[in-house]
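K.L.:
From first to last, the protein sequence lines stand for chains A and B.
When we follow my numbering, the leftmost residue of the first sequence carries the number 1, and every step to the right adds one.
When we follow my numbering, the leftmost residue of the second sequence carries the number 325, and every step to the right adds one.
Rather than coming from a laboratory, the hints here were simulated on the basis of the structure.
Just so you know, not all the hints are guaranteed correct.
[As the list claims (entries may be wrong)] Derived lysine-lysine pairs resembling DSS-like cross-links, with alpha carbons at most 25 angstroms apart:
no., chain 1, residue 1, chain 2, residue 2
1, B, Lys451, B, Lys474
2, B, Lys474, A, Lys229
3, A, Lys256, A, Lys164
4, B, Lys451, A, Lys207
5, B, Lys569, A, Lys207
6, B, Lys490, B, Lys451
7, A, Lys315, B, Lys474
8, B, Lys560, A, Lys207
[What the hints assert, rightly or not] Listed next, the stretches of chain B that the computed footprint assigns to chain A, with coverage defined by at least 3 CB atoms under 8 angstroms from CB atoms of chain A:
no., region
9, 407-421
10, 435-443
11, 446-460
12, 528-536
[To be verified] Pair ranges (Cβ atoms, derived):
no., chain 1, residue 1, chain 2, residue 2, range
13, A, Arg134, B, Ile456, 28 to 36 angstroms
14, A, Ala96, B, Ile456, 53 to 61 angstroms
15, A, Ile127, B, Ser415, 28 to 36 angstroms
16, A, Ile154, B, Gly525, 50 to 58 angstroms
17, A, Gly69, B, Arg515, 53 to 61 angstroms
18, A, Val39, B, His579, 42 to 50 angstroms
19, B, Arg492, A, Pro226, 16 to 24 angstroms
20, B, Asn606, A, Trp217, 45 to 53 angstroms
21, B, Asp589, A, Ile127, 37 to 45 angstroms
22, B, Ser510, A, Val39, 55 to 63 angstroms
No experiment lies behind these values; they were computed from the predicted model shown.
Just so you know, even glycine gets a beta-carbon here, dropped at the ideal spot from N, CA and C.
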Amino acid sequence: MNNVETIDRSTGRGSSAGPMIRARDIGNFPKEHVWNGFVKGAGIFMIILPIAIGIFLFIKGCGTFTTYGHSITEFLFSADWNPADDSAGGGTVGAAVYIVGSLYTCGLALLIAVPFSLAAAIFMTEIAPVLGNRFLKPAVEIFVGIPSVVYGWIGLTILIPFLKAVFHLNQGFSVLAAGIVLAVMIFPSITTLSADAIRGVSMDCRKGAYGMGATRWQVIYQIVLPAAKPGVLTGIILGLARAFGEALAVAMVIGKTRAFPKSILSATSNLTSAIASDMGGAMEGGEYNTALWTMALLLFLISLLFIFIVHQIGKHGETENAAK
Amino acid sequence: MKHADNTVRKWDEYMIQDAINIIDSQLAHSAETNRSQSEEDTGIYNKSENVIKIPKFSVNDLNLHYGSFHALKDISINVDKNSITALIGPSGCGKSTFLKTLNRMNDLETGVAIDGSVRLDGTDVYKDMNAIALRQRVGMVFQQPNPFPKSVYDNVAYGPRIRGIKKRSELNEIVERCLTEVGIWSEIKDRLFKSALGLSGGQQQRLCIARTLAVAPEVILMDEPTSALDPISTMKIEDLAMKLKEKYTIVIVTHNMQQANRISDKTAFFLLGEIIEYDTTNNIFLNPKNKKTEEYISGRFG
Ligand SMILES: Nc1ncnc2c1ncn2[C@@H]1O[C@H](COP(=O)(O)OP(=O)(O)O)[C@@H](O)[C@H]1O
Ligand SMILES: [Mg+2]
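Chain A extracted, bound-state conformation (with noise of 0.2 angstroms):
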């Protein structure tokens, strides 16, 4: 043992020289110190954050509930919007307008988009592999990091005067406007998750199918897509967690007019843009600030549902791996 360690110490090698070396050894190590520090501190911060974050939404949000006597029920399906920017209280906190609105924009843009990202992926990687790999996949993974003002921006001057000229609008701003950006914008990352999915399919899989005089299409539909679908449900929600957070791209093309859109065409609102225009001007702890606070606990709500369902889809796979 001492032997060991005189060696491991004249290489000045660390914790790679294997289970021959205690803890107590590494130890010795300043460097080792620090870093094993600083990485535990990391992970422990990683972990205390998102908790901190959903305390303080849950203390905030539920004073809406609690110091102005608001019933939840009212809050979610109430359209009466309109709280008093003081701490006395009195208003009406109904934001069923916003949440129809968040709803009706991301339901709309993953009806675009998820036909369009199935097709993407299947072709980037069945059809076309070669030409897939090495040039659609790095140019969808660009798409992914681009801002989301500026797809805001080019939705606001592109398709905002396309949506009124063709349709003989007053103004273009619309569910339409809203749930096109969303879907331009969630289209790249359901792509990309849906295509490694695909590609993680097993080659035998499909031999087997190819094997028993299967067409191209049919091995795609009934073998492959069923195979990768724990991983295409991620993507797409996964996608559409990133719509229901995005702010400033829909903000700027839903047009921000409380009342329920009459049509895919009329101009509404949606939570974030809500919480986004009116967070400056309320007054901090009175009626209508608390209330945009329920707004935003609202949506860190339904992120969670989002990534549990993920982690659900994600276990379910699993255990039918493990079963092989």
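Following the hints, position chain B with the ligands against chain A.
P.N.:
Just chain B with the ligands now, kept in the frame of chain A:
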């Protein structure tokens, strides 16, 4: 003479005539209904014994290149109907490559150039047949059991479904028949609707064979189907292959000399992309003509 087995005559010149002879005599047989069955059978049997059996596959001067690599060199071989043909030889000698030319699985790879002819019942599979139709007639079982990540039932029903069979009762019948044929029906009939990935390796491989049978193929290609299995499962697959040859033609690649010896009727020895010797399994194992064959089967290389 390219044929390693010189008892086989050239297809083009003689076989078609032979085939016509046999078909004629069988037609005559079914027409003459008033004569006694047994008499007739012996008559035809005697007649057809003088005739060379029609081969299921007839491969002539087949050459295959992967890019610039010459993987198969002047392969000419006839595969008998309702028999087991074993392909043996060291790794990397082109056995799998050859097997894949028989149902055009090579089409899935890029940079493969093929010339020469592969005929199934006399029809050129590369020139006059579509790969999808071919693979429904010539099924394939792989080295690693590869059930689809679906239920046992859906695995077996997959082939019939892609051929347009939708009726539940019909599918039920096919699933039961094929699983019975491979001998796992009683073992797994209670878990038909659970994932096939939960089965043991041996069961998975037999399921894969059942899945192939469900398409009602004429030929089953097996590429080292038992090399990933334990001895007992291996024995079961061997027994199954011997049983299946009554209805199907089987071509099997194997690294296991005993296996080739036990189950096959004819054996082809591959070396560096060539068929060195092709003969009845008895002749190959008891008195090989080529020195290389002898060295290989006695385990001196490979
Ligand atoms: N898709 C391919 N591309 C290029 N070379 C290949 C490919 N498949 C097989 N080969 C080569 O062809 C030779 C024969 O391979 P294979 O038929 O798999 O041999 P065996 O089944 O007898 O072990 C090997 O040298 C192998 O490296
Ligand atoms: Mg092989």
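K.L.:
Are the hints correct? Go through all of them and say.
P.N.:
Now for the hints, and whether the structure bears them out:
no., hint, verdict
1, B/Lys451 to B/Lys474, "violated (35 angstroms)"
2, B/Lys474 to A/Lys229, "holds (12 angstroms)"
3, A/Lys256 to A/Lys164, "holds (17 angstroms)"
4, B/Lys451 to A/Lys207, "holds (22 angstroms)"
5, B/Lys569 to A/Lys207, "holds (24 angstroms)"
6, B/Lys490 to B/Lys451, "violated (32 angstroms)"
7, A/Lys315 to B/Lys474, "holds (17 angstroms)"
8, B/Lys560 to A/Lys207, "holds (24 angstroms)"
9, 407-421, "violated (count 0)"
10, 435-443, "violated (count 0)"
11, 446-460, "holds (count 5)"
12, 528-536, "holds (count 3)"
13, A/Arg134 to B/Ile456: 28 to 36 angstroms, "holds (29 angstroms)"
14, A/Ala96 to B/Ile456: 53 to 61 angstroms, "holds (54 angstroms)"
15, A/Ile127 to B/Ser415: 28 to 36 angstroms, "holds (33 angstroms)"
16, A/Ile154 to B/Gly525: 50 to 58 angstroms, "holds (55 angstroms)"
17, A/Gly69 to B/Arg515: 53 to 61 angstroms, "holds (57 angstroms)"
18, A/Val39 to B/His579: 42 to 50 angstroms, "holds (49 angstroms)"
19, B/Arg492 to A/Pro226: 16 to 24 angstroms, "holds (20 angstroms)"
20, B/Asn606 to A/Trp217: 45 to 53 angstroms, "holds (47 angstroms)"
21, B/Asp589 to A/Ile127: 37 to 45 angstroms, "holds (43 angstroms)"
22, B/Ser510 to A/Val39: 55 to 63 angstroms, "holds (56 angstroms)"
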